[in-house]
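Residue numbering for the sequence shown follows my numbering, starting at 2 and increasing by one per position.
Source of the hints: derived by calculation from the structure; they are not laboratory data.
Incorrect hints may appear among the rest.
Straight line, CA to CA, 30 Å or less: simulated DSSO-like cross-link-like pairs of lysine-lysine [claimed, not checked]:
| # | residue 1 | residue 2 |
| --- | --- | --- |
| 1 | 702 | 256 |
| 2 | 702 | 724 |
| 3 | 256 | 762 |
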Amino acid sequence: MDFGPDEIRRLRGKRSRPRFAALLGVSPNTVYRWELPAGSPHHLRPSSGAVEALLRVAGAEEEAAPAPATAFEPGPALRAAWEAVQGARYEEAHRLLGGATDDPLAAALLARARLLGAGQAEGALATLAPWIDPASREVLPLQVRAPLTLWLGAALGWCDGASHDRARSLALLHAARSEFSRLDDGAGLFWAELCIGLLHFNLIELDEARRHLGASLTQHLGNESGAIAIWRHEAAGHLARLEGDFRRSALEHGKALHVAGRLADAYGTARALSYICERRVEAGDPVREAIAAGEEALGLFAALGDPLEHAQVSLLRGLGECWLGTGHFDEIRSVLGGAVSRLEAAGASPYTVREILGRSAFRQGLLGEAREHLAAIRSFGGSMGRHFGLALADQLEAEILTAEGAPHAAAQAWTRARGSADLIGSIGLGGDAEIGRTEALLAAADLEGARGALAAAERTLAQVRSPYLHARLDRARARLLHAEGRHAAARAQLALARDALERCGDPFEARRSDELLASWPEAAEDGATSLPGTTVERIAAASSGGAAQVLAELAASLSEALPGAGVGIFNLAGESLAHAGKVAVQPPLGGVPFGDRLGHRYQLGIEGAPPPVWLRSLLAVAELALEAAQLREGASVAPRPVGADDPFAAIVSGSGAMRELLERIRKLRTSSVSVLVQGESGVGKELIARAIHEVSGRTGKLVSVNCAAVPAPIFEAQLFGHKRGTFTGADRDAPGFVRTAEGGTLFLDEVGELPMALQPKLLRFLQEGEIHPVGAEAPIRVDVRVISATNRNLEELVRQGRFREDLYYRIHVVPILVPPLRERLEDVPLLASHFLRQLCGPAAPRIAEDALAALIHHPWPGNVRQLRNELERIVALHGVPEVIGREMLTPQLLGA
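Using the sequences and the accompanying hints, generate a full structural model.
This is the structure in structure tokens:
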């Protein structure tokens, strides 16, 4: 057969060149050159290998050519339903489609809406019941058969339990992928690859999950908004997790949350929050943030009927890990205990939940109860995630055996856990097993075996970005150092591990480290229990040369004290800032964090030697020197681009409390959930609200409403708008504050003053995403994010019946507490300098030391607003003096 340009183009058909090239195993440029006219100088004839591939494709097309079918043309109702499903408007799709399943395409759309809108696998299967028989699908046009096959396969594999059928689900999904490929339907291929990837991900078949989730993200889609955007971000999040990058995974799920929130997709929101909760635990983020996301997801799943599915099990695991760390065992028994009964009654895999319950019992010293959970895991006969369940069972058994004084048996259990982890391709689980095996072998006095296990753990976790796992790895290193008689180095390593475990929100493991530390002797190692030589003086003197000089001196001092080791200092982006020693140092995944009090953060990595016992003392000296250097250089906050694109440009701060607050705001950048900003009067709540809006990237404006300033009789019309003629003086239509904020953010200041009569209407707006202007006949859907602020105790107002409880929980999704100025007095000099520059320009006066001391020691009951007023009064009375002295301050301030 002659494959000239015309035949190549005919055979490619409607396929894109990249997709056709992928079928043949050549590059798109090669296909392009095949299709050039034969006389062109760049024309290329297919090689013999390419001809064989072309013959295979041509033969496959002849075999797979569908029988002639009637033309396919969906009616207007189906088109409207399809657009609704595409836009994640699932309730609208239900109304348009009704419950009828006699039309196969309507059945496919309805099944898709039930799966993607509420996780209702049983409902989707009931909808598709007339089309389960393959013979009933074979007579359908390919454009109808492909989506019907896809969503039937998805429904069979969606949820764990009685309806789950792995083999049939995979067979149908692969068939659908083939059918969409013949249609050259990129969106269909995306959904097919995604559903196959999710099924393997839920089955803990991680290598296949990587392959198909990755393939879903390579599909070219004409429109990546709506439902597709939510699920693309979820796929990217799962893929990042499989690669060991938990922070990037949380970021992708945060993007899914943002889109789901904008589209009012409750199920998509619940899934995203569930995975965010789990990833934050894995990434070592603050526990309270993971719990906040998890508890919101629990409420959403309850409203959806608690579908039995992987996202909810991930949610239970994430919350369970949080509660384990904080010692909230009653919550574990209540929430997870109830969930495990429901899972097992439905035939769903209980492995993860049972393992958390078992560890909870173990941490309480209830070894008999822990063994009961272990037996339940091993006896469960389900196939979904079987090897994962066995790995969890082996880990739990190893912990119990260690507590029972059987370290050899514990080491064998950890070895079995590693084998199960390798079978499913779980890097994190494998590294965790090697850490456990290291500690078990140390308890058995097998130092050589422990060294080998520790090396295996280090290799396994080399690319896993989990501060928690790396903290546990550091503790295992410390135990090995102690067993080798290097007691001072062991204590230093363990102290660093203990601090990291506490930062990761696991006080139980931190306490275990404290107990271990207390049991070790205070012995010196080679006399190196204090800082060597003139190290302190050298680092302190380096502050005069700037922060870079301090970092260079720190690296050099450590290198001199640790001959043969390499020392590297990096910023949080992994960029090298200083290096010393002969050993190359890579950006540390589990490095030692340090910084100054102005927001600059660094990581220290040491290769070729354990950290010295005096490392923490040395870092304390370095932090003081860095702060002095930064202040000499005129820095007030961590470096960031200041200007129109900087969402925090208006916030002047250097305190740790404000750094934590700004970091929390950064984590909200991909979310549209409601935020409640709380704080005393004058702390700057509106500035914080504006920063949340700016960092979100929303394209609309920020509209501020002072709820205490709008008269109650006209509040509804002001907020939701009104039609012309609705009341006296309404001579034209008015959009209202909410519609003015379309695509942006509505800031409700002093929300505690909101009239009770208006609160149900605000609640409806927050729940439904739509408003009903006064005098209008129909509601209007809006895309507006709501940030509220108050200086009042809303919980007390709820108890008094002056604020609706359901509205409180709706606006309190993410609370942000702005600390009063008296709790961050280190910000006073920075704020004072900032305000003086605003008031006086470049010739701003400096503040005398005695005046500055008085400002710093004042409690500032009026917070930042009071500080600015004090400086405005001084400028008004004294003009622009060269120096502001103590005598210029108000007597009330001096008498405080």
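*Sort out which numbered hints this structure fails and list those numbers smallest first.*
none
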